[in-house]
Amino acid sequence: MQTLIGVLLLIGLGFVFGRYAEQRHFKRLRQEEARLQSILVFNTKEVPAQFQPCRVSLVGGNTVIAVDYFKSFVASLRNIVGGNVSSFESLIERARRESIVRMKQEAEQLGANAVFNMRIETSAIGQGDDKSQVSVEVYAYGTAVVSDEPVR
Amino acid sequence: MTLTNIETIPGKTIVSHLGLVQGNTVRAKHVGRDFMAGLKNLVGGELVGYTELLQESREQAVERMTEQAIAIGANAVINVRFSTSSVTSGAAELFAYGTAVVVE
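In order, the protein sequence lines correspond to chains D and F.
Just so you know, our numbering puts the end of the first sequence at 152, numbered straight through with nothing missing.
Just so you know, our numbering puts the end of the second sequence at 104, numbered straight through with nothing missing.
No lab work stands behind these hints, which were simulated from the structure alone.
Values in this document were obtained by computation on a predicted structure and should not be read as measured data.
Certain hints may be false.
[Said to hold, decoys possible] Here are some chain D residues pointing at chain F (derived, C-beta under 10 Å):
1. Gln2
2. Glu98
3. Val101
[Said to hold, decoys possible] Per the computed footprint, the stretches of chain D lying under chain F, defined by three or more beta-carbons under 8 Å from a beta-carbon of chain F, are:
4. 56 to 68
5. 135 to 142
Just so it is clear, CB atoms sit at the ideal spot from N, CA and C, and this is done for glycine as well.
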């Protein structure tokens, strides 16, 4: 009985604080994305003539994000019936957007106009003995282009 | 040393290709950080300690790759790629590789 109460408490804690943290994070992400909108991101390899002459540099940003008890509980329920595990979808979306924002911030410090050939790499790390502890690392990287002349 | 993950360096000509260069690091996690991560697993969210740890490791992998490139007389590395793999449950390997070239 006591373990059940303990588990329910942890799930409740995860639900309340996890949801609060997630909403706050999404709000901050929207603000940062709006601010950094002027830095264009491409996943093509060619740098068009309008950006040249230019200097190039490798930039990247990473994020490690962990699941909360509520999310892993919901996911374990989902495993029974199948379907979208939306609680994990939003988690990875947060990590990915945060990584792109960090990459753009690094590009911004260099004074870059654009980032070319952006790639995103996702890997599960730090999986302990307990399978429910999942943390995911997302790394976004690309070639920042700093134009010497203003882009037309 | 110029690093890019595209196949060229805009505005410069590649004089010669010197082949693949690579760098890797295997990092284990810190006990204190592991403890904090365990706490974070209750409420979710970003594990700042791990983010920094992996970023440092990745920089080190890139540094080792750059050293290798300098050693064979290159002045740029193109087509840089990263990969991460978990070797055991407690450690992660970060790997960076690319093609060393001479540009002018």
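Do the hints match the structure? See the list:
no. : hint       : verdict
1   : Gln2       : 18 Å, violated
2   : Glu98      : 7 Å, holds
3   : Val101     : 12 Å, violated
4   : 56 to 68   : holds (count 11)
5   : 135 to 142 : holds (count 5)
The structure fails to meet hints 1 and 3 from the earlier list, while all remaining hints are met.
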